[in-house]
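Given the sequences, and given the hints that come with them, work out the whole structure.
Number of protein chains: 2
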Amino acid sequence: MSSRKEFRELVPPEEAHEAIESLDLDGGTEEVPLREARGRVLAERVDAGLDVPGFDRASMDGYAVRARDTFGAGEADPAVLELAGAVHAGAEPDVTVEAGTAAEISTGAVMPEGADAVVMVERTDRVERSSTERENGEAVNGAGEGGDAVELRTSLAPGDHVMLAGADVAAGERALGPGTRLTPREIGLLSALGVDEVLVRSKPRVGIVSTGDELVRPGEAVASERGQIYDVNSYTIATAVEEAGGEAALYPHAGDDYGEMERVLTEAAAECDLVLSSGSTSASAVDVIYRVIEDQGELLLHGVAIKPGKPMLVGEFPDSAYVGLPGYPVSALMIFRHFVAPAIRRAAGRPEPRTASVEAEMAVEERYGEGRTRLMPVGLIGSGPSETARDASNGGRTLAYPVDKGSGATTSLVEADGIVEVGPDTAYLDAGEAVSVDLFSPDVRPPTVFGVGEDDPLLTSVLDDLDRPRYLTIGSRQGLRRLEQGVPDFAVVTGATDDIEARELGGWTRDWGLIVAPDNPGGVDGLADLVDRELRFVNRPTDSGLRGTLDGTVEDLADSRGESRNELVERIDGFELAARALESPARKVASGSADAGLGLRSTAEKLGLGFVPLGEERVRVLANPERLEKPGIEALREAVGNAPTELPGVGR
Amino acid sequence: MSSRKEFRELVPPEEAHEAIESLDLDGGTEEVPLREARGRVLAERVDAGLDVPGFDRASMDGYAVRARDTFGAGEADPAVLELAGAVHAGAEPDVTVEAGTAAEISTGAVMPEGADAVVMVERTDRVERSSTERENGEAVNGAGEGGDAVELRTSLAPGDHVMLAGADVAAGERALGPGTRLTPREIGLLSALGVDEVLVRSKPRVGIVSTGDELVRPGEAVASERGQIYDVNSYTIATAVEEAGGEAALYPHAGDDYGEMERVLTEAAAECDLVLSSGSTSASAVDVIYRVIEDQGELLLHGVAIKPGKPMLVGEFPDSAYVGLPGYPVSALMIFRHFVAPAIRRAAGRPEPRTASVEAEMAVEERYGEGRTRLMPVGLIGSGPSETARDASNGGRTLAYPVDKGSGATTSLVEADGIVEVGPDTAYLDAGEAVSVDLFSPDVRPPTVFGVGEDDPLLTSVLDDLDRPRYLTIGSRQGLRRLEQGVPDFAVVTGATDDIEARELGGWTRDWGLIVAPDNPGGVDGLADLVDRELRFVNRPTDSGLRGTLDGTVEDLADSRGESRNELVERIDGFELAARALESPARKVASGSADAGLGLRSTAEKLGLGFVPLGEERVRVLANPERLEKPGIEALREAVGNAPTELPGVGR
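First to last, the sequence lines map onto chains H and L. Going by our numbering, the first residue of the first sequence is number 1, and it counts up by one from there. Going by our numbering, the first residue of the second sequence is number 1, and it counts up by one from there.
Derived from the structure by calculation, the hints contain no laboratory data.
The list makes no distinction among identical chains, and a pair is therefore deemed to hold if it is satisfied within one copy or across any two copies.
Straight-line distance between alpha carbons at most 25 Å, and here's what the computed SDA-like set of lysine to any residue pairs gives:
hint	residue 1	residue 2
1	LYS310	VAL121
2	LYS606	LEU50
3	LYS310	GLN296
4	LYS310	GLU21
5	LYS310	TYR258
6	LYS606	ALA43
See the structure below:
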């Protein structure tokens, strides 16, 4: 294993950026149908091949006339022209407008020969010309549409309400330049030109090779006892590649066998513009990749002085670029976004997303002293009356708090909104310090409301009623502490809250107790059975409010027996065996690996297990007093008030 | 036609927004494979179905041990444990760690039974235990990987470098809430849970019915003489629907026949959540649609007090919503974006794009006095040293200038960057006044450099070398005037520039003259032939620099003949017949509808026509002196300097 160490000549992040910029990811060009060209980038200039419009075109409903025939006409002295016929849109005119005549015309119709202007229908009347002329030499108004003449109450200049052929775009004109991204507007202009296929830049083809014998594709069965896990990076990175404008191709998993790795990597390199490897965190797989790149191509750098992402590789195969991403999903995605996505966007001709970043303030202090650049995932909280970062600048502030559950945790993917790049010389960020947050995508919004605290099934359905909430189940104790620090918008807690300043938004009660096998075959009767009988128990951690409630009950039992608490719990097998999540003790009972678990009546019923009630505890939703004006808090108050309490063991 | 007028009870824009909000565009839900779920929106909550990780997992390469065996160990006093075996990622452990033993373990591997902590390989050495013990009871360092024991130079607590089963997500935990948009991060979390299909909101299906007998789909042949034009709205609106998160379905064109329109509209209504009609500007087609909606469904409103977009319709079929868009492409797209796209985004569960707007200043004054809300298309110019609107806020300004070529012009689609909504009471916007520009899409960037002036083939290839330039061919005269007003970054002109303040970036000469049929069958010899012979001539407009140059030559000819200019030009057939675009006179010659046209040698050669030279004129690129620091101007200067002059008739 020690041979690995010599690979690590860590280069500064700037060198990694330069190395990736030096790679050629250009995918060439391709013809695509216009209908499917949205978002693509023109590979060459498009000149107009025809005039738009292709003919002199009426731009109003009315009558096509010779302007000269209308000179001097007005309300007081209308001109009367004989009706020579009609022209409709989409039809060839079968009428010529001679002096003294007019032709009815629709918007968009071809101007008939002889006519050089159009009068709007609103400025005309149809009259009977022949008869009235015979009687008194004047037209009679109001003869309706049946009249054989038209009276114009306005004079016209040549060209009035006529769009000349080529007035919009003329044949030979430059319509769109190379590099133009095709949005609905450009698609519109190309449609007008009759173009139905365009030459665009091909999307850079990016092959993704997952490494690691332990990986299983989602949807397949995973054998946990053999250490198998689902492959997170393949789909995550593929989706991120597509978001950046590339086309992703997934290759089969490669284990750490040299021959197999070589076969997969060279196949991917032959078919793609860029090969990304990712997946395994095992040193031996990384070593094998390293050797394959060295043998088949060139390694430009190995190891970057950045956290996370140290084990990043950059190289070239003869016909493809190569980047090796770290194995942990969060690290892999961060390194991809930071180093690789800009290169894919460049090759695809995509602009950098404009709003990839927002300004924020640190919600808490953060210490970091490793002396290399750190990409710190952070969650955002809008502290003002409005939820958006944008509006936050008009009054409210946006707060950023570090999300660091260790790079192995996929949940930190969704608990963070973006990344703060912390320079190698920054060892300390103060609470309130200004930071720039590089968002995971331009669509990222801070949650409408951000809460922490106890895990609770009724709360879960309350959250479902809210629009984009974020809730971290860190237990009542940590929840209260964070609320005291002023970070979250609300905390959900059980037990005593001392004298914390907070506004209670509402609450409910829940039945808690011991979860046992269906129908309680062991006849577990209460807490004393855990002490006195040989039962395997699963507890919850001390941060959990449920555990706090249990601890109180344990003390009562000890008191009533005249024993010390410690004596009592030492006799409970598994009292210190704490499962992090609400349902975990119950699930251990269900799987047969425990006889009793601390839990809720609702969990027992959900999982079809037995339940031995030990009491009822109150769950309270407490709002940060500084954030009462946040719309998300108002929505939460309402959702708590409307929360259905039909869950077993839940009451008001 | 007068019967139409009674339809028009214009409602305020707010009522149109409300009417559209009242429509039900919900497309239901559907299962999609995770691999194709990017951008989709979860229809229901996803709870974890399993623990992640599914087993207690080593988070370091090293040795799995019992923490108790390491108590008190340190650099000075290492602990030595017998090597009991090895566990690799993706394999079931075949070793049990008894007291006093350790098992080699890779990152990600299953913790073997008995072990409760992992020591990093860096804090260990492999030693020969058995032999050294025999010799002197102490392990010998540096025995390498072959040693049968491991020496630990650190003490461990239970759980060190172990990720417990369920530590990331535990079975039963809420993983993602309903309404969550799936980006790479959420795809990652779902992958970790083994989910490969998700229930998402269906994209609202939007049917697009183009109306108008004159419309032809791009790619087909268009018969201009019959007034046919390409259908612009179908593809434009379909693309805009997709951009908003909908799924677009194009229906066949419907003419203004009641039966045909009814058939197409009811078919679309049966298959779609929303039907949009658009295309025809003809009153009769709109009337027919109106009647169909009234007969088959309900019309909620007809006519909105907004410009453009007055003729907008909102209604409902029994199973579908309906919106009728204006016929002109620019109007149709603006009304779609303003009223319809937000409703589609809502139904699709998409967030409003964050940066749909930028703050700008009016570059020129604008008067408008119609008393109804106006959606004014504007182009953007970054005036500062940096091109982006974002950076503009840190120093430079973003200027907005109205683009109004009439709603019939598709080119204004690409010459504008967004829309300024001008209230009904605003009759005047001053130059410098602050306006908020609603961008056509979040990806819209102001052009890197914005120029106006003469049309010129060499300039066109210079533009191709620039990244996102915008150039409006408004002729030398208008170009100079706009440059004087300080609006564009540069102007391209021929002829005299008086004493305009500008910096010349470079220029070239071009041969101009008369373009005639191939090989000049009429033997046209010069300008005098136009005066003296019966030749049909096509000129350029007076704004064109080329026309200015011709006018000078005409005056010289008149002087030399002792005639007045007016006498001379009255004898030129077509002297006042000005074609807007550079190649249009030549193309009229090519089509046989003219004998001679004003143009350039390069145009004649490009189109394979004859050329009678009349002179050489200088084309100059003049920069706005206030914008010399714009990077786009520097890039332009360079591109002008490098411009290839191999075009026929072009020189330095």
